[in-house]
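Read top to bottom, the protein sequences are chains B and H. If you read the first sequence in our numbering, its first letter stands for residue 1, the second for the next number, and so on. If you read the second sequence in our numbering, its first letter stands for residue 1, the second for the next number, and so on.
These are computed hints drawn from the structure, not numbers from a lab. Keep in mind the model is a prediction, meaning the values are calculated, not measured. Check before you lean on any hint, since a few could be wrong.
[Unchecked claim] Heads up, incomplete: computed chain B residues facing chain H, CB under 8 Å, no partners named: (1) E39; (2) P91; (3) A92; (4) Q100; (5) D124; (6) T217; (7) S220.
All C-beta atoms in this analysis are idealised placements derived from N, C-alpha and C, irrespective of residue type, glycine included.
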Amino acid sequence: MRQIGPRFAAIAAIFVTLAACGGSAAPTVATDVGISSTEILLGNTNALSGPAAAYGTISNASNAYYTYVNGQGGINGRKITYKILDDGYVPANTVTLTKQLVEQDKVFAIFGGLGTQDQTSVRDYMNAQKVPQIFVYTGATTWGLDYSKYSYTIGWIPSYQAESHLYAQDILKNHASAQIGVLYQNDDYGQDYLKGLKDGLGSSASLIKDSESYDVTAASVGSQVATLKAKGVDTLFLFSTPKFTVQALVAVSKLNWDSVNIYVNSVSNPKTTIGAAKTAGAALKNVTSVAYLKDPTDPQWANDAGMKLYKTIIANCSTCDANNGFNISGVAAAWTLVDVLKKAGSNLTRRNVMDIAATQLSETDNPFVLPGVVVKTSSTDHFPISQMQEETWNGAGWTLQGTLIDTRGTIK
Amino acid sequence: MLQRIRAAPPRYWLVVIAVLFFAGFPTVISSFQAAQWANALILVIAIMGLNILVGYSGQLSLGHGAFMALGAYTSAILAHRYKMDYLLTVPIAGLLTGLVGFLFGVPALRLSALYLALATFALAVVTPSLIKRPVALTNGVNGIILLPPDPPQFAKDAFSAVTGTVMTSEQWTYYVTFAWALLLFWLAWNLVRHRSGRAMRALRDGEVAAAASGVNIAGYKMLAFGISALYAGIAGSLFGMSSGFVSPDSFPVGLSIQLLVGAVIGGLASIPGPLAGGIFAYFLPIESNQWVPAQTWIPTQIASTVEKAGPAVTYGAILILIMIFAPNGIVGLVTSGYERLRRRLRGAADRETGQAPPDPQTV
């Protein structure tokens, strides 16, 4: 950070004096670094390459929405520029690239940064610099829970622990004698899911017979799946990232283990991912997950206005597959951000934008989330999305089950 | 004294120019760029160490990333848990890593060429997993977040006197790294020109012949391993300081390969080689990654494919080109170019005076 030079300070002092003498200064617009009269500059780091490259498309989808908004005239005349950099899902790269975005490109905020480990590694830095780390694309519970400590960081997707609670309730209600095995990624991301499952099962946590972890740099999870099978597991939880989820689903079928009940987490469940497993030979019997977004491949939304809008928006991205569920989440989160920026109006400061995003959201009209899902925050609750609905795999796509379940207030 | 300065060969002037350049550089570039160049210099230090091992002693190592990890974690743990001043931890990390490298030299003595490469490669592969296990010590997969270093008052005063701006922690890190790089380059320069350096080169060119000449093969192999690990440890420690964050995945297998690539690109068995190699190895992946998508003349399909494949594609293509056109690295290319130019100039002069050019081999 550069300190204001003495010359600049002198000039500033003269202007302040002039303004004070003038009596009535013209109404000014409060802005911040990264905001000009024509532009709002946002940054992003995502895994465009590496083991979690399946997520890379999310940033491009968000950008497609910004292109769409810019085409409509932008936000109060300002167009959004979205700079996406590839960190390869390696925290050390995230640190360097985030510094580049903040110090060299001078972005207003970093939106939709992906990866629990990656975003944790820059959280201290972002908060020290007071640059919004807004709507990170990770559901680690800490984003919402530790807002009072890190007031420049906020998540968007549902908390992993809340999602696990939902699975736990399903187990307790429908499979009370399950023999649970968990495959999880050995980092904050996987451990957060696992903690949620244990907490959700409460006194029945002993149903978890075994939990096997893998490192994100690993080549395969085949041996972990085999171990889980050998331990007599009949209910398998996959708290993994897409590449490893596909591997695990395929490994289950290779081991002739199709009797097992499988729970797939929401951040690796788009039909594109599950379809890849199917193509590779996974039988996909008894697979359960949760949803909070409209699935672009679900025929029930074929004539939905929100889905039609999504298809129009995603056409702005030449490399995006419109049927990929990750893309609709990228568009939906960008929608919320544009809402926040509009609400900030002429008071476009970093602090004000964070306050609105983390404490004053009440978005009932996001056209891409399931009907009834409200994107909401308050002074005591910093988890924007907390409603989810169970879904099961029908052999060709996901079918929603039951009704929306609200987990608001359950994570403390 | 004046006579000596006037008689100094041109390469000494090059050294003076390079030192002045690197000392003044951060005053004209942004703080962020200074941080990038600090990282490049850190690679330079590690590659210098690798060069002593590979270039001068002829021992192949694919595992120097692991030594960097050890150095980084030594410093991070000392600074984070035991609240030591980070600058003090740098030499400790270097010495500890050097000791480990020296001991690693013992089994390395029994392996040659490819087998040694495989053993060191295995070291690079297991290191990230090993770091993850003692969670209480290393904080497991979550890594250790370090506070950015605060520049001391004298540095702040000096910097603001020159530039009129306040020194940032990145700029301070750059100067710390630069000071270490100077010291270590001077050490390497002295090492390779003297007894030990000659012994190492003899070892590289023919083990039997070296042994017959009374070179202690085992001792020098271990020494080479130890010294190169010391360099890597200091580089790792500085890496922790500059990135403010160490995690097991900061030291993937790819880092070890990157170091070796840097050593080869720069030019093996040369002192300026690691400087050029480190700068290339650091900036090439970054620039190749950001350059391709920014080019409008490249069709979007190709650009997006390259983007999806990551920086590896362009990086690989450029590496292949460098190896074809500069098989002896950048330094080799520059020296041969310089020789050719000089011969041509001298040839022209000699034709005028009617003298035959002297045989370059005898010069």
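Cut-off 8 Å, beta-carbon criterion: hint that P91(B) touches chain H: 5 Å, holds
Closest C-beta approach of Q100(B) to chain H relative to 8 Å, hint status: Holds, because the Cβ-Cβ distance from Q100(B) to chain H comes to roughly 6 Å (cut-off 8 Å).
Minimum beta-carbon distance criterion (8 Å), D124(B) to chain H: Constraint on D124(B) satisfied, holds at 6 Å.
Residue hint S220(B), partner chain H, criterion CB-CB below 8 Å: Constraint on S220(B) not satisfied, violated at 15 Å.
A92(B) as an interface hint toward chain H, with CB separation required under 8 Å: 4 Å, holds
Hinted contact E39(B) with chain H - closest CB pair below 8 Å: Status violated, d = 18 Å.
Hint check, T217(B) versus chain H [nearest Cβ-Cβ separation less than 8 Å]: Holds: closest Cβ of chain H sits about 6 Å from T217(B), inside 8 Å.
Hint compliance for this structure: hints 1 and 7 are broken, all remaining hints hold.
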